[in-house]
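Asks: Work out the full structure: start from the sequences and follow the hints.
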Amino acid sequence: MKKFKASMLVTAMLVSVLSGCGSNTGSNSNSEEPATQGNATNGAATTKEETKAEQVTIKYYNWDNELQAESTKKYIAGFEAKYPNVKVESVSLVPGNSLESLKKLDVLAASGESIDVAVLPNLSELNKRAAQGVLAPLDDFFAQEGINPADEYYTNAKFGGKNYGIQNNITTNFILLNKDALDEVGLPVPNADWTWDDFREYAKKLNKGEGTTKRYGTYFHSWSIYMNPAAQVHMLHPFLTEEGTTNFSDPSFTNFFNLRRAMEVEDKSAKPYADVIGAKLAYRAEFFNEQAAMLLAGSWMINEVGDVEKFPHTFKTAFAPVPVEKAGDSKDIFMGGNFLSVGSSSKHKEEAYQFARYLSMDLSDARTELPGWKKGDAKPLVERLIGQNKDLYDVDSLMYTLFDAGINALPPSKNDIAYGADLEKVLIDGFSKFILDNQSAEEVQKWMVDEANKIIAKNTAK
Amino acid sequence: MKADHVLQPAAMTAGKKVKHANARKEALVGWLFLAPELIGIVVLYVFPVVFSLYLSLSDWNLVGGLQSIKFVGLDNYVEMFHDEKVIHALKNNFVYTLLTVPVGMALSLILAVLIHTKVYGQDYFKVAFFVPYISSIIAIGAVWSALYHPSLGPINQFLTSIGVSDPPKWLADPDFALLSIAIIAIWAGIGYQIVIYMAGLTSIPDDYYEAASIDGATALQKFRMITLPLLGPTNSFLFITLLMGSFKVFDLIAFLTSGGPNNASTVIVYRIYEEGFVNFRMGYASAISWLLFAIVGVVTFISWQIQKNKVTY
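Chain order of the listed sequences is A and B. Per UniProt numbering, the first sequence starts with residue 1, numbered consecutively. Per UniProt numbering, the second sequence starts with residue 1, numbered consecutively.
Heads up, a few of these hints could be off.
What the hints assert, rightly or not - List time: in silico SDA-like cross-link candidates among lysine to any residue, alpha-carbon distance up to 20 Å:
#1 A/Lys-208 x B/Ser-151
#2 A/Lys-425 x B/Phe-277
#3 B/Lys-85 x A/Glu-451
#4 A/Lys-280 x B/Val-143
#5 A/Lys-59 x A/Asn-85
#6 A/Lys-280 x B/Ile-138
#7 A/Lys-103 x B/Phe-255
#8 A/Lys-268 x B/Thr-160
#9 A/Lys-454 x B/Val-78
#10 B/Lys-118 x B/Ile-226
Stated by the list, open to error - Facing chain A, from chain B, some residues (calculated, C-beta under 7 Å):
#11 Asn-61
#12 Leu-62
#13 His-149
#14 Pro-150
#15 Ser-151
#16 Lys-169
#17 Leu-171
#18 Ala-172
#19 Pro-174
#20 Pro-261
#21 Asn-262
For the record, the hints were derived by calculation from the structure and aren't laboratory data. Note that the Cβ used here is the ideal one computed from N, Cα and C, for glycine as well.
Replies: Structural data, given as structure tokens:
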């Protein structure tokens, strides 16, 4: 009996420990939402005014680094001043790393955590999650506000005919050029009509020196955009035609592959791809350390040019639109960017939508990137981004490239696929075969088309 | 305390039936004491294993939450054996095993014997070879990726200076990426194996060698007839651990090549990672995990049997 008593005691203790945990979490959630608790006890007696004043807290998931967190803080302060009943809690999942943050976000979603607002780094990642039903469609909210998202934002995140995201920032691509190097060899800053052949000529002329201190004409990073910029910048969809078939059969692929090989081997105006992946080179370092005089990059680089603390350099940077394939081609470009989405598990979807919408339209001091909202005037913003170090920018060419070159955003593609990453891998593998295994561009193109068809067939069969 | 005194005699007088009940209570108490450990094992080991077995028979997209698990029977396994990428990864894995296990063992055995017999600087060499083993594998990878730099790295600079016109591009070369990683892995693991071998060597009594010397045996004969057979258990231990390690290689590959270029260094665990955490196909990834488990299990069992019969004293 003594032992039996003891065992009873142990079980009792176990139970009390377990229930202790339970009651703890219970009281926590109570203290977070005192207003809801009050309403619940009042029951049917609750009046409309009371629900309106209901205090809600929404969580905003992002990958803010310290700098971005500052700006988020300002956004939230502005929002909370306008909507006093909503509190926003910013959660930076993995500071400065969007892909790792997404993994964490997925785990949160899988564990049933309610996600109010989350940033998604691009359309392909957004579509993947919209396909999973993790995101909530926003069409009702747009209708309620009486706006047409197509008039408001450059790119609209449509999946299966519904809107799943609000474009917060845009990323557009352009070329950064070392203006000092251009002046040195007597080349003018190019305008929007230049072609990839002009680009090759520029690169050849900008080569200088030999060995470890050589300045190459340009630098091609390991990303898929550097394997055929024409597809990723000037086409509606980077991997598919509007009919939903693969675009790898497009001649621009073989053309650009051959251009890459010619620049690497004949002109020696770009570092070999083997070095880029073998030594894990960093594109910012290549440009700011004057290892490359031209760099295909994008709008996220605007404030980095002026950040001499992080990227010490003394030369002036000029800007030019991405070259076209041949003179006279359309110069309209794809505008990607970050999207704000509302989670389907959110309990406060309306507040979450209000916050996302507010963020996207805020052009105040808080903003450090170009807005996806096209109704505001972004020029003052760019001037603010340039800030103190005006002498490091060729401001005219920057404004020209962003606003005055007559370049419009391409309309959104009809394709809303969730397997873009698979197709991207085919392109990267195909390019590796071409440049590392010395296969011919035609051979590789045929392989890429076959692989892409397999993937498309597999994903459209279901 | 008072209650105990009252209860104890009552229990004593109740006789055999109570004894029986007591045994049961004792067992219960025993289980309760075991409970913390047992719960830990069930939650941390048994449950995940059973769950992954179930997952391998289902189609589950990680992002979709638990409600999106769909039972599909053996579909994943059928698909797996027709999946070129999985077969390719398996092939890469076998190549990697063949590269690292025999070479790593042979090298460390030779070095251990050398260090053991040539006494000068024994401690220094032991430490020198052991240092890579205690360094972070990522730091090692970073250093080696600089050595392997295709055009500016010291290895290729040396190769070109002695007249190799087209040296391999190492990590960026589809034909050499796996070999490059195997070299790093051998280099990083050799210190540990040397220490194990040295322990085995010191346990061999000197008498045997002295007797062999009197009989006029050469150094090679001594090595073949005395050292090698007596290192049997050490060999089998290292063989099995290295074998299992070679099937589980991931960190170096994820850090240095991400399975590339062109899948040249994709091994089975990297494939599992890609399917599960990049493509979110948890069910399929679990199925490949079970394949890996089966392979490692079978190979280990076979080598165990062989070693058991061969070990001689």
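Asks: With reference to the structure, classify each hint as holding or not holding.
Replies: Structure-based check of all given hints:
1. For the hint linking A/Lys-208 to B/Ser-151, the alpha-carbon distance of about 18 Å falls within 20 Å, and the restraint holds.
2. The suggested pairing of A/Lys-425 with B/Phe-277 holds, with an alpha-carbon distance near 15 Å, which does not exceed 20 Å.
3. Between B/Lys-85 and A/Glu-451 the CA atoms are separated by roughly 12 Å; this keeps the pair inside 20 Å, and the hint holds.
4. Note on A/Lys-280 and B/Val-143: the hinted pairing holds, with a Cα-Cα distance of about 12 Å set against a maximum of 20 Å.
5. In summary, the hint linking A/Lys-59 to A/Asn-85 is supported, as the alpha carbons are separated by about 14 Å, within the 20 Å threshold.
6. For the given pair, A/Lys-280 sits about 14 Å from B/Ile-138 by alpha-carbon distance, which is consistent with the 20 Å threshold.
7. This hinted pair checks out: A/Lys-103 and B/Phe-255 have alpha carbons roughly 17 Å apart, not beyond 20 Å.
8. Taking the CA atoms of A/Lys-268 and B/Thr-160, the gap is about 18 Å. The hint holds against a cut of 20 Å.
9. Distance hint between A/Lys-454 and B/Val-78 is fulfilled; the C-alpha atoms sit about 18 Å from each other, no more than 20 Å.
10. For the given pair, B/Lys-118 sits about 18 Å from B/Ile-226 by alpha-carbon distance, which is consistent with the 20 Å threshold.
11. Against a cut-off of 7 Å between C-beta atoms, the interface hint on B/Asn-61 holds, since the closest Cβ of chain A lies about 6 Å away.
12. For B/Leu-62, the interface hint holds, since its Cβ comes within 7 Å of a Cβ in chain A; the closest pair sits about 6 Å apart.
13. A cut of 7 Å between beta carbons decides the hint on B/His-149: the least distance to chain A is about 5 Å, and the hint holds.
14. For B/Pro-150, the suggested interface contact is upheld, since its CB lies about 4 Å from the closest CB of chain A, less than 7 Å.
15. Taking 7 Å as the C-beta contact cut-off toward chain A, the hint placing B/Ser-151 at the interface holds, the least distance being around 5 Å.
16. The closest approach between the C-beta of B/Lys-169 and any C-beta of chain A is roughly 4 Å, which is under the 7 Å cut-off, so the hint is satisfied.
17. Below 7 Å, beta-carbon pairs count as interface contacts, and B/Leu-171 has one with chain A at about 5 Å; its hint therefore holds.
18. Using the Cβ-Cβ criterion of 7 Å, the hint placing B/Ala-172 at the interface with chain A is satisfied: the shortest such distance is roughly 3 Å.
19. Hint on B/Pro-174 holds. Least Cβ distance to chain A is approximately 6 Å, under the 7 Å limit.
20. Given the 7 Å rule on beta carbons, the hint for B/Pro-261 holds: about 4 Å separates it from the nearest Cβ of chain A.
21. A distance limit of 7 Å between C-beta atoms decides the matter here; for B/Asn-262 the minimum to chain A is near 4 Å, and the interface restraint holds.
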